Every structure is written in C-alpha cells, then in structure tokens.
Amino acid sequence: MSRLESALADLRLADTLASRDTALSRLDPRAKIVTTIAFLFAVVSYERHTVVALLPFLLYPVALASMGEVPWRWLARKLALAAPFAVLMGIANPVLDRTPMEVSQGVTMAGGWISFGSILLRFALTVTAALAVVAGTGMHALCAGLAALGTPRVFTAQLLFLWRYTFVLGGEGARMATAREARGGRGSPTLAVYGSLAGHLLLRAFERAERIYRAMLARGFDGEIRSVRTLRWSPRDTVFVAGWVAFFIAARAVYLPLVLGRLLTGFGG
Amino acid sequence: MSDHLVEAIGLSYAYPDGTTALDGASFRVAPGESVAIVGGNGAGKSTLLLMMAGLLEANAGEVRIGDVSVTPGSRDLVRRTIGFVFQDADDQLFMPTVQEDVAFGPLNLGVSAEEAASLAATALDVVGASHLADRPPYHLSGGEKRAVALAGVIAMGPNVLLLDEPTAGLDPAARRRLIKLLQAFEHTRIVATHDLDLVLDVCTRVLVMEGGRIVADGAPDAVFRDEPLLARCHLEAPLRWQG
Amino acid sequence: MHMADALLSPAVGGVMWVASAATLAVCARKVSARSEDRLVPLMGVLGAFVFAAQMINFAIPGTGSSGHLGGGLLLAILLGPSAAFLVIASVLTVQALFFADGGLLALGANLFNMGVLPCFVAYPLLYRPLAPAGSSRARVGFAAVVAAVGALLLGATGVVLQTVASGISSLPSGPFLALMLPIHLAIGLAEGLATAALVLFLAKARPDLVASPVPVRRRSLAGLAVAAALVAGVLSWFASPRPDGLEWSIAHAAGTAELKAPESGVHGSLALVQATTALLPDYDMPAAKVALEEESPWPEVNAGKSFAGLVGALATLALVVAAGFALGRRR
Numbered sequence: 001m002s003r004l005e006s007a008l009a010d011l012r013l014a015d016t017l018a019s020r021d022t023a024l025s026r027l028d029p030r031a032k033i034v035t036t037i038a039f040l041f042a043v044v045s046y047e048r049h050t051v052v053a054l055l056p057f058l059l060y061p062v063a064l065a066s067m068g069e070v071p072w073r074w075l076a077r078k079l080a081l082a083a084p085f086a087v088l089m090g091i092a093n094p095v096l097d098r099t100p101m102e103v104s105q106g107v108t109m110a111g112g113w114i115s116f117g118s119i120l121l122r123f124a125l126t127v128t129a130a131l132a133v134v135a136g137t138g139m140h141a142l143c144a145g146l147a148a149l150g151t152p153r154v155f156t157a158q159l160l161f162l163w164r165y166t167f168v169l170g171g172e173g174a175r176m177a178t179a180r181e182a183r184g185g186r187g188s189p190t191l192a193v194y195g196s197l198a199g200h201l202l203l204r205a206f207e208r209a210e211r212i213y214r215a216m217l218a219r220g221f222d223g224e225i226r227s228v229r230t231l232r233w234s235p236r237d238t239v240f241v242a243g244w245v246a247f248f249i250a251a252r253a254v255y256l257p258l259v260l261g262r263l264l265t266g267f268g269g
Numbered sequence: 001m002s003d004h005l006v007e008a009i010g011l012s013y014a015y016p017d018g019t020t021a022l023d024g025a026s027f028r029v030a031p032g033e034s035v036a037i038v039g040g041n042g043a044g045k046s047t048l049l050l051m052m053a054g055l056l057e058a059n060a061g062e063v064r065i066g067d068v069s070v071t072p073g074s075r076d077l078v079r080r081t082i083g084f085v086f087q088d089a090d091d092q093l094f095m096p097t098v099q100e101d102v103a104f105g106p107l108n109l110g111v112s113a114e115e116a117a118s119l120a121a122t123a124l125d126v127v128g129a130s131h132l133a134d135r136p137p138y139h140l141s142g143g144e145k146r147a148v149a150l151a152g153v154i155a156m157g158p159n160v161l162l163l164d165e166p167t168a169g170l171d172p173a174a175r176r177r178l179i180k181l182l183q184a185f186e187h188t189r190i191v192a193t194h195d196l197d198l199v200l201d202v203c204t205r206v207l208v209m210e211g212g213r214i215v216a217d218g219a220p221d222a223v224f225r226d227e228p229l230l231a232r233c234h235l236e237a238p239l240r241w242q243g
Numbered sequence: 001m002h003m004a005d006a007l008l009s010p011a012v013g014g015v016m017w018v019a020s021a022a023t024l025a026v027c028a029r030k031v032s033a034r035s036e037d038r039l040v041p042l043m044g045v046l047g048a049f050v051f052a053a054q055m056i057n058f059a060i061p062g063t064g065s066s067g068h069l070g071g072g073l074l075l076a077i078l079l080g081p082s083a084a085f086l087v088i089a090s091v092l093t094v095q096a097l098f099f100a101d102g103g104l105l106a107l108g109a110n111l112f113n114m115g116v117l118p119c120f121v122a123y124p125l126l127y128r129p130l131a132p133a134g135s136s137r138a139r140v141g142f143a144a145v146v147a148a149v150g151a152l153l154l155g156a157t158g159v160v161l162q163t164v165a166s167g168i169s170s171l172p173s174g175p176f177l178a179l180m181l182p183i184h185l186a187i188g189l190a191e192g193l194a195t196a197a198l199v200l201f202l203a204k205a206r207p208d209l210v211a212s213p214v215p216v217r218r219r220s221l222a223g224l225a226v227a228a229a230l231v232a233g234v235l236s237w238f239a240s241p242r243p244d245g246l247e248w249s250i251a252h253a254a255g256t257a258e259l260k261a262p263e264s265g266v267h268g269s270l271a272l273v274q275a276t277t278a279l280l281p282d283y284d285m286p287a288a289k290v291a292l293e294e295e296s297p298w299p300e301v302n303a304g305k306s307f308a309g310l311v312g313a314l315a316t317l318a319l320v321v322a323a324g325f326a327l328g329r330r331r
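One line per chain: the protein sequences are A, B and C, in this order.
In this text, residue positions in the first sequence follow the working numbering: the first is 1, and each later residue adds one.
In this text, residue positions in the second sequence follow the working numbering: the first is 1, and each later residue adds one.
In this text, residue positions in the third sequence follow the working numbering: the first is 1, and each later residue adds one.
The set of hints was computed from the structure by calculation and includes no laboratory data.
As the structure is a prediction and not an experimental result, all values here were calculated from the model.
Fair warning: there could be bad hints in the mix.
[Unchecked claim] Some chain A residues near chain B, calculated using beta-carbon distances under 8 Å:
#	residue
1	Leu160
2	Arg164
3	Leu217
4	Val228
Beta carbons: idealized from backbone N, C-alpha and C, even for Gly.
Bound-form chain A, shown alone:
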C-alpha cells in the first residue's frame, strides 16, 4: 500500500513544484505543449543507431529543468523509476544485432550495443523533457492549454476531475489499507479480501460521485464547466516556440557534434 501513498505524495510534490513562479511556469501552456511535441518528434525521428547526433537535444530538457527550477534529484529519481521497461526492451539488441560498426579509429562495436545506447538516450531525453514540462506547468494549466489547442472539453474536464479526486479517493484507499494492516493484515490480500476492500472503495466512489453531482447542481451546473481562467499568449511565448523549433531543425539538419569536433581537432572534411 505504501505504493499508493508514495504515488499520491509524488503527485502532490509535482503539483507543488508547478505552483511556484518560475520562468517556465510563466510561459503559456500552449507554447510548452507545442514545443515539447516538436522536440519528441525530432528525437524519435533519428535512425536507430544514432547516439552522438542526439546529444544536442539534451539542451532542451536541461534548459526546461533550469527554467522551471526543477530539482535534478527529483528528475533523476523519476527517470530511474521508469527506466526498467526501456532497458528491458532494449537489452535484447546487443544479443540480436551483432553487425559490427566502427565507432572510432579501429574500435568496432556490435550495432546492437549502439542501438541499445540510442534507446536509453532517447528514453532519457523524452522522459526528462516531459517531466520537466509537467513540473513547470502543472495539471491545471496543462489542461487549460490542451483545451485551448482543441482537446475535447469532456476530456479536459475528465482529466481535472481525475486529478482532483485522485487525492480524495487515493487517500481513502490508503486509509482502508492502513486499517487492514493495523488489524494484522500482511502482504497482498487474497482475492476475496481484495474484492471487498477495493469493492468498498468503488462503492464509495459511486456515492462520492452522486454527492459531487448534487453539489454541482446546487451551484447551477448545466452540463458545461465554466472557468474564469484565461490564457495569455505573450511575445515571450512566440520567442520560446520559434527559438526551440529552430534549434531542433538545426540539430536535425546539421550533425552538430561532428562540426564541433572538427572545429576542436582541426580535422577538415
């Protein structure tokens, strides 16, 4: 059960991070969403054995984390928690793909190792960028941005409700499990106990939904959720989007590390 509690604590932390006033949180959520999508597509558009050419893209998550004052430890921990899947899916590459590839003067590596490295790098890039944006924006601004970009209202309302009541229902679930442990319940419950435990939680969910609905009706709810929140697009947002997209295009078009390396070593070509 500590799993549920720690997940809730995690969400709360992300929310607290997002509520601070930072250079990142001041940007319009639409700017951050659009730029991050461009970033994701740029990163995944590379061929599977790409490692070095991807390195310049690290700048984006690094810049986001700095602008949003996102704690590096937090990012690293989240990355580590999510990593096993990518490792699992990539680890077969070195075994399956043994085409030799020359990495440096006289050094060859199995293509599989290179593509494995590429998977890990892609994973780190995409995950840290997404997490930094979320930690520097927050669920509410994100939903407002998504709605403004044309996401169906039903869905953004659903996201907000889910977000709000995860804290309430998650707390109830955590307390039920604590009560079970306090009375000597150890390990995972049997299916019968689970059915009753989660079942009661489900029942409470239904009852809660009914009460919320009544409370909404009492305040004039007519099917549409209105908000006084407005988004403001400023020149800063235009600069953010245009600047980064230009960088992604440049990094995709020019093999930046090689250019840099040639400048530094004097090798022409």
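Fit chains B and C to the known structure of chain A by using the hints.
Coordinates of chains B and C only, in the frame set by chain A:
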C-alpha cells in the same frame, strides 16, 4: 436581503429499497430566521435539506419558497435563492483553484467572467479566505475547505443558506470562526447538525426530527431541557450545560 | 505493458496517435450527446478509483505472485465503452505525464492497447455476448476473466506490432510475441479475477449500479473492426521495409544453436518461432541495407571523422551542461 418564506408541506420520501426517510414533515421558516434541524443518524435531516434545495424529489408533499413550488421546472429560481453548503467540502470543491471554484456558481448564473471573478473575490473576503484564492482545494485544511465551500455558495447571492453538518470535522478554532461567520449572516439559515452547542450560538429555533417526522419545534433553550425527548432522539444536552 | 517513446518511430507513434485521438474525439462527442450531466463527476471519480486500485495488489490464487487491476474492462462494464475509454485515457495520460509511464509520443499507442482494445473489442465482442443482461454470477465472473484475458493478449500483440513496426528495438516479432503472450495471459487472468470480484461485489451491494449495461450498436462495431484492420494494415506496411526481420538471417540469429538442440518449454518454442521468422523470404534486403547505410550517422567510416565525432560528442555534452548552469544562474 432575505425576503422569502420557506415552507415544507407534508414531505415524504422513501429510498428505492423501501426505507422511509421522511414521513410527512411540515414546517415554515420566516425570512432571516436561523433554524436548526437536529436528530440522530438516519432521522432524515440530510434528506430534508436535499429536498428543500430541489435536489431530491419528494414522493409526496411540496417545498415552497415564497409563492413558488420547488420542482424541476423552477430549478433556476431555486438555485438563485437557495445556497447549499454540503457536509463534505471535498464534494463541493472540484475546480482547480479556490478562485475558480468560488466563481463556478456565479458563472453558471450567466454573469460575465469579470463579474464572476469580482463576486468570488468578495465572497472569499467575507469568509476571510482571500489569501487562498490561487491554491488548489486539496492543499487546504478542513477549516479552510469549509470556509471556501461557504464562499462558493454565498458568491451566488442566495437568500437562504442550507448547511449540512457545518462543524463536522473542524478543529475548535475553525469551528469558532465558522460560528462567528454564521452569526454575522443575515440570510435565512437552516442548519442540520449534531452540534447542539452550535445551535445555541447560531439558531433561534430548533426542529427535532425522529423517524422522518418533526417531533419538536421551539426555542433551543426550551427544547434542549426536555431530557426524555433528547434521549429518544439519540441526542444529549449541549456540552456547556453538562458538568 | 506500456509502450515507451524510446522504442517508437515517429511514423508508428503518429499513426497510433491519430487512431487514439480519433477514438477520443468520437467518444467525447458520444458522451456529450448522451447529455447525462451526472456522468461528468462519475467518470472523474471512477478514474480516480482506477488510479488508486491499480496500486492495490492482491495475491493470485495458486501462485506466489500478486496482481492488480488495469481497469479498462471494469470501466466498460460500468460506464459503457465510450465513457470508459475517456476515463481510462485520462488515467493513462496522467500516468504518462507524472510517472513517465510510457511517454507522450507513446501515449497514442498506449491508449490504443489499453483503452481501445478492452473497451471496443474485448467488452462488446467477448464480455457482452458471454454475459448478457440477467446472467448468473458465475457467468459474469467467467465472462470478465475471458474478456480480460482477451484484452490483455490483444494489447500485448499491439505492443509487439508497434515495437517491431518501429524498428528501434531489434526484437523480432515471433519470439517477442512468444515472450509477451504467456506473461500477458497471466496478467490477464489477474485482471479478469479482479474485475470479476469488483463487478460481483457491486452487483450484490448496489444492484442498481450494474443493472443497465449500455447497448452496443452493431454499426459502431463494424466501424471499429474496419478501423482496427486499417491500423494493423498501416503498421505492417511500416514494418515491412525495416531491416529488422532481415537481420534475422540464420547466420546472425542468436537462436540457431537452440534450434539444433531443441529444448522443451518456452525456450524451445521461442527458438522454433525464431527460426520460422528467420526463414521468411528476405526480398527486401538490399534496399533495406542501402537505406540503413544512408541514414547512419557514420556514413563512411574514416579515422579522422570518427575521432572528431568522439571529441564533438564530449564537447556537446560539456556545452549542454554549461548551458544548464548558465540558465540556472540567470534567474
């Protein structure tokens, strides 16, 4: 501010499973009056409040506000006139931030966004919660949640306030602040509660419910002296009278 | 079974995004059209429930392991497929955003595998026919298990197809499937048992809540079947020109040794499937080889170039770190 007579006439209600919740409850509340509804668990208090707000339809009987009968057809008028503060503030506060939540009701009444924002600011000021405006509701304490829920209701400018267990789960300081607030209101107030000390502080009249019926109606000072009645209704004399 | 951004090609990620976004839009329209206001808070709270319930484990009878609820099928049973898809989509979105489960590009694939398949395939095609209104408790339980297993196996197949079609991982489809299906059979059983336990609990405690399943129209089913076929077709089209299957020539395959000494169990069958895949005609090979060479960041291996590349890589890293510090200072 309060110029509507609130009237319940022979209200009856049974749950789908057949349990009787209300059994012919009738009473009348004058404009500006502050009335408590007390009774044990399952006496029908919450059902009664839901019905008065038009959120539950009676099997028999009627609720009247002024000369309008509360029906699905008069929903618009009812929601402008009656404000309902629910027992669990978590049920009521669902918008991303306190400010947005308090503005939710006014926006539904059709006012402009600016006007709704200003109504919300005023209401938050009344309950002393202006500093919470940008916070998300789940980061608030119990007392803060209650205050914000109250603000969300008074921002709609109701004449009548229905409050379900307003002091449940509050610490003594938060409870005291809420009582002061309720005392200051000029709205018609109908409070369902187990907190008889709250009744002494806030209400001038008390209705005692038992088994879906109103079994006593009078001044709190008099009603709470009737020990056999209180015992029968699973109640106890106010704490300040004990010991 | 979350797909990850790192394993997706933009083409496959994009196709899955389009498929899931279109489903989302259709569902949003249908749910709005139902004009049941009370659905708004109910969907939200049930999403929160699924989110919480996914983190409560239970012991799987007869094994030492534990399982947990996924929720797609349960939601479809409680809310009907359209509303259920919106709810499970919101749960997966929050997980992708806050727990990096899957990633944003992979969200489309994940919505498809864990939302579209249980809500629009397993529920209407397995659960409903097996447990029509008024079924006995045993029947409901059985239907839930079968539908959950079906949904998980389909989802696992989806993951395999999307991974292979992307061609980032070298995993070939055959052995990958042979690995994924048994695992997801087990996960599906757990999911089915949890779903059955909850539906039966609710049927006993509040029969009014599960009494009225939302009817599924045949026309929308046909539409979905067409959509699913289309997605599968597009994916396999992306899959074919990729070098993956080709690298699986017998000479390179890790599985050949195992084929010569057949073993029993998963290993043996794995090798067999590997061999089968590897023997498929590789007519695309030369073209694929050329494509690979053209796209490769090491176009022609040249000592000077590689050295410069290495130095450049290190310098890039240093620059990025420096930029990070500079940006951090500036505020």
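Evaluated hints:
1. At its closest, the beta carbon of Leu160(A) sits 6 Å from a beta carbon of chain B; the interface hint therefore holds under the 8 Å criterion.
2. The beta carbon of Arg164(A) comes within 5 Å of a beta carbon in chain B, closer than 8 Å, and the hint placing it at the interface holds.
3. For the restraint placing Leu217(A) at the interface with chain B, the shortest Cβ-Cβ distance is roughly 6 Å, inside the 8 Å limit, so the hint holds.
4. For Val228(A), the interface hint holds, the least distance from its beta-carbon to any beta-carbon of chain B being 4 Å, beneath 8 Å.
Comparing the model with each earlier hint shows no violations; every hint is respected.
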